[in-house]
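Residue numbers (our numbering), protein chains in the order written: chain V, 1 to 417; chain U, 1 to 417; chain X, 1 to 417; chain D, 1 to 417.
What the hints contain is simulated information worked out from the structure, not anything from laboratory work. This one's a predicted model, so the numbers in the text were calculated from it and none came from an experiment. For glycine and all other residues, C-beta sits at the position ideal for the given N, C-alpha and C. Each hint should be verified, as a subset may be incorrect.
Unchecked claim - Quick list of the computed label-pair ranges, beta carbon to beta carbon: (1) U:Asp86 with V:Asp276: 37 to 47 Å; (2) U:Ser402 with V:Gly95: 22 to 32 Å; (3) U:Asp86 with X:Val89: 34 to 44 Å; (4) D:Val277 with X:Glu401: 18 to 28 Å; (5) U:Glu408 with V:His131: 16 to 26 Å; (6) V:Pro338 with X:Glu401: 43 to 53 Å; (7) D:Thr339 with U:Ser402: 35 to 45 Å; (8) V:Glu329 with D:Ala30: 50 to 60 Å; (9) U:Thr307 with X:Ala23: 44 to 54 Å.
What follows is each chain in one-letter form.
Protein chains: 4
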Amino acid sequence: MSADIELGRQKLAWAREHMPVHAALRQRWASTWPLAGITVGVCSHIEAKTGVFVETLAAAGAEVVFTGSEPGSSQDDVVAALNEQDGIVGYARRGISDAELDELHNRALTHRPRFILDDAAELTARMVHQHPELLEGFIGMCEQTTTGIQRIQAMAREGAIRFPAYAVNNTPMKHEFDNIHGTGESSLTNLLQTTNLLLAGKRVVIAGYGDCGLGLATKARSLGARVMVTEIEPRQALRAHMAGFEVGPMAEAAAWGEIFITATGNREVIRGEHFDVMRDGALMANAGHFNVEIDAEALAGRAEEVTEARPGIAEYRTADGRRLHLVAEGRLVNLATPTAMGHPAEVMDTTFAMQAVAACHLVAHAEGLSPGVHAVPDEVDRDVAETRLTTLGIGIDELTESQRRFLESWRIEDIKG
Amino acid sequence: MSADIELGRQKLAWAREHMPVHAALRQRWASTWPLAGITVGVCSHIEAKTGVFVETLAAAGAEVVFTGSEPGSSQDDVVAALNEQDGIVGYARRGISDAELDELHNRALTHRPRFILDDAAELTARMVHQHPELLEGFIGMCEQTTTGIQRIQAMAREGAIRFPAYAVNNTPMKHEFDNIHGTGESSLTNLLQTTNLLLAGKRVVIAGYGDCGLGLATKARSLGARVMVTEIEPRQALRAHMAGFEVGPMAEAAAWGEIFITATGNREVIRGEHFDVMRDGALMANAGHFNVEIDAEALAGRAEEVTEARPGIAEYRTADGRRLHLVAEGRLVNLATPTAMGHPAEVMDTTFAMQAVAACHLVAHAEGLSPGVHAVPDEVDRDVAETRLTTLGIGIDELTESQRRFLESWRIEDIKG
Amino acid sequence: MSADIELGRQKLAWAREHMPVHAALRQRWASTWPLAGITVGVCSHIEAKTGVFVETLAAAGAEVVFTGSEPGSSQDDVVAALNEQDGIVGYARRGISDAELDELHNRALTHRPRFILDDAAELTARMVHQHPELLEGFIGMCEQTTTGIQRIQAMAREGAIRFPAYAVNNTPMKHEFDNIHGTGESSLTNLLQTTNLLLAGKRVVIAGYGDCGLGLATKARSLGARVMVTEIEPRQALRAHMAGFEVGPMAEAAAWGEIFITATGNREVIRGEHFDVMRDGALMANAGHFNVEIDAEALAGRAEEVTEARPGIAEYRTADGRRLHLVAEGRLVNLATPTAMGHPAEVMDTTFAMQAVAACHLVAHAEGLSPGVHAVPDEVDRDVAETRLTTLGIGIDELTESQRRFLESWRIEDIKG
Amino acid sequence: MSADIELGRQKLAWAREHMPVHAALRQRWASTWPLAGITVGVCSHIEAKTGVFVETLAAAGAEVVFTGSEPGSSQDDVVAALNEQDGIVGYARRGISDAELDELHNRALTHRPRFILDDAAELTARMVHQHPELLEGFIGMCEQTTTGIQRIQAMAREGAIRFPAYAVNNTPMKHEFDNIHGTGESSLTNLLQTTNLLLAGKRVVIAGYGDCGLGLATKARSLGARVMVTEIEPRQALRAHMAGFEVGPMAEAAAWGEIFITATGNREVIRGEHFDVMRDGALMANAGHFNVEIDAEALAGRAEEVTEARPGIAEYRTADGRRLHLVAEGRLVNLATPTAMGHPAEVMDTTFAMQAVAACHLVAHAEGLSPGVHAVPDEVDRDVAETRLTTLGIGIDELTESQRRFLESWRIEDIKG
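So that you can see chain V by itself, here it is in the shape it has in the complex:
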């Protein structure tokens, strides 16, 4: 095990070096300790970047208890290297069953976190649903995924929550960078690495044209793929059309594509009727949070034989002799493939910084906030953006007094004079 810890420490050191916003935050909070005395639960993929985030929360004074958000996405060496640090304790393991993940979540909740930094609302939903006694004294939570915000809003509609939540995913600093660039780039990298295939010249179907889908579609095309987008929302569909993508229903796309990547946040986006018309050799992967976007059960139902075509790729052979390939059991392709390492460090630097600064802000302002989902105040987003620009050494312009007045004016002589 000590060798593991060493590798975990090495991974943390590399991540720290490439997460300068976190370094700036640790320096900022070294004396102020904004989370002092609060037990904070972190639920996420526990690998090196999450580790630096956990360390930074501890540096802000929190007692951190962490747990994994997915059975296949945490790294044991990083978990070990975190657990040896003061103020941090956690429960996560790679390659476990759903039941074992349940167990780890429950153990994390025994620490009675008063604040949660969540991924897909996993830990929060479990607390609300199965451990409502913990709601007493619970301050609030921050959520970093589209999926999680949908879930919290569903809870709020049912009156199931009595605490405020910040929709961190909805901030420009989160979804424009993490979703477009982080998911986009790392999903393709991992897909190519796992398959040893080429995007140039390939027919690729992207299901969903939210920020993740936009990133995937844009980057796949820029590497030479021909891309078809499927959507359920007419404006998103037009957005994809105007960006030059083929747009059509999945029934058409299924028969056309060679590679499929789902990023919708919904279930059964590729399902029985679609498998039936796919070409021999079609390959499917998922970039959305849950492993429900590709209907693996229906796929198995059509297969006469399921074999491992390569590590991380299952091959389903249909009765009519076609081979359909599913990557990483339909789990997140940038986290669950054999050599996956999740989002790039620079992206998580910003995403987790948004979570950390939003958490400090919510803790400081919790009393004034009604239960339910709130937008993260603009000043939090701006603060992280300015910190990031500073670490990048990028200067921008400032409004002159004359320009400020101009933006406030509307009378003809003020504008044209």
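Following the hints, position chains U, X and D against chain V.
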């Protein structure tokens, strides 16, 4: 003059052929006449696409009075071909002075419009400021530019307005297509046409990274330019950075660039201190609404001689022997250059459809709306998007019942079961 | 007419300012006069950039006689402004018939040029075919188009020529810049300007994937178009496929496309069988040298009515009610549309510099060259490239002595030692 | 070991499925056996795609003896799964020393190959230099890299070879696909996988703008990087400039870049003087054949400490406290990093098909070929292209008789008539 009318009719016919959403709306309104009996003022660049919009409002039952929004952007032949139609009267002329434009606006207002479809709030501001008597019985207005919404909000802050306004520019269907693609593509086309220069290999500075700036920067780079973006907003600056653009203050960009395009909605974005460090041969153009983004007065103040380098390009020769070029006097480069024709037809089809459908919606719901700026209801935007998809023959997916339930659920067993 | 000359002078001044390689050559040849005493025929589109080229040949000591290469592509004001200069005489006019162009060519040949700088071998073919007496004492020629080189090679195969020719088009400095960037960018600019349509979201067919087609396809896609490429050469087809383009035969493309641009150097690339399956509203333009790529005669044969849809766009209405549009009668879209100005200045700076330097080289080495087509010596190409880099202020690396030795070695110990 | 073989078989099966051109060749040669009775040496990175190539040569009747071309790029499981097949024997192992590689090469040569399919002329150079007795009866060789062709040409200049060689790398079907798309895509994928970093927003320096460099630069930029290119050849430099890249000498680039990738085919492209001005955190990788492009010795000489920052990344800490990172010891980044798998299967399908078909052609025509490097006949290249198009299901146009005549004609009336 009759020859002019013939050319105007030809231009209108070409635009009609390429504005299928307007054709669908005329058909929809042929029996319902949602604007029956209402005098509607239209202020915009009066060329062929605006003409089709005006025709469509008339087909919805309105009495339309139109006027130009800029001294250099209307086309006399189209004006003539509109004025011969029933239910339409207008006042616009190309190449007039600011004073003459004032006069035309005032004449339009003598028709006492009860609704205004405005560009940069030009006609509305004049009515509110100079003809407040017209506010009696005034129903409301729709505004299609960022600049105009800022002005209406400024009026509202001062309590100067008592009617509701729809911020049409802020809808996805407007700003994502009109600003990114319409402004982006047509500004570059007109700039290249006017200069006979090449973008490939050129150093281009884009001031502002809103939707217009994003479109300009992305398309210029895609044609082979190296692009630097200037911004005042840290998140926009980071967005440009992550998209791969050089980002820096104008003081740096001024010394670096060969071509400059402003798209900020603010004034004096390029000014004296910047002219002083520009290279010999630098060329400046504006894609923002008003001709104030480049400080032409300060430029003239530095010039020993001003000549016409080409039709539509003024050359300012500085005391130290540099030649600085200003396109179209700093007016909208896609409207005010000698051969300019404004946005492409397909873009204006959507933009003006948003204006028209939003106008009908506001007229039908005016009583329930408080004075001030309102977001256009989502159903209006969705309606236009669906109409556009239909005209394009693009099909999209629909949520299955199972998917709809999934989006509403949050409990662990509902999501993973 | 004097007003025309003034505009011609202005155009020449603007072009001179943006053709720094020509400025460097004029300086280089100011004392050496490499073309002294030689009458040089120039056949090209006579507009401002060609004018600067003509001036530069005169500055090299030549007596220049110029003529237009196309009935619709020369500009009278530039012709006038050239004809007033010493050592230059020319015959070109805009909007003439083929017969009038013949007449102008014949008048140019009365000056008995001993060297020709040609476009599509127009003047050379006429001399060889109709005025063989001029071959006596004829030194040679330089050709700048793919089409022209094919023609000269065909002449050589038939033994019809007794002089050497340099295939300037085949040099990297010519075809990579002029064809990819010059034709690509300016053809799209002129098409958009003429049609007032949008590329974003459009289905565009590019016929031919040589350098011109590659430039057109790449740039159209980068502006948001979906592009299908047609080819007759399997490797070019694969090249397009790997670059991410749809590839297929014209029979398929014809039914799919909304806009068609030909760039093949061949005739009847779009013909009767293709018109028959096109959509209503389809629009065709040509970027190849001759107006034969789109079979206009077959198109007319299918039309019940032909009208002008816009200046520069003919509308053919078929018996089954479809409207098919042909831009500029199928002539070069970047030269023959109403507001066309040909290639951008920076591109022609390099292309014409290649012609000029190659001409000087051929004149100096004509005795050692056999009749027929020759590759331009690499040193000529390199010379122009270095001059261009100097004018751009771009520095590059030089081989170290150790690197030079490495490139010469092959033994294992030399390479890995 | 048997488990290894199973994984090797799985890898070969996956590669076979994605190499349809090889399947077509095996079918074509099933009865003709064009290499019957010939011992063929294959020197390359021995992983799954090379395995399918080796199998295909055996299917053509050859006795194949293979060996690895690099100490770190072969895979033991694939080697084992090949060695169990009839007609194939080989010597390759991962992670060996240079001396051990020498030994394996020598063992391969004991089989007395009469034909070599080489990578960087490794096996050929050894034979020529150290085992000249094998030249007796040696038929010839095919070479697939730029570097190898340079070496063979150097041998030929010294009169060291008496056999013909086909420069397979120089065919369009090889270098345009393998170098641009194969090296480009897989080098970036492996770099991102190894570093867990993001390209979007990064400053990337590409040394060399041959096909490999062009692919790397284009794809890196398309993922959001800002790219500077260094070159020694003025035309390549201009090509990069016109494509929109920053171009400058390495002395400038070194101080500017965050990530450096070399692809020049030369040595010491990044060397002492460049390390001295690099930023803290700079990261270097190599995509050229030999590990000499980055001067690792000079880098070590500047380091106070060298540690492993991550698997596959060495960190050199300089005396002034900067951390410089070298990926995979400067060996091929797409082959020598911990999880590397080389070029994508579809690319190697074409590359190795060129090698195989060229080998058969050379064997059949060896007698007519002089010693030295020869271009691969165009028919070979066209054959592979047509086979590839067939497997892709892509149809292209054919010349009509009228078009064929047009391309042969040059007289005015033939062309315009």
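Violations among the numbered hints, reported as their numbers in ascending order
Structure breaks hints 1, 3, 8, 9.
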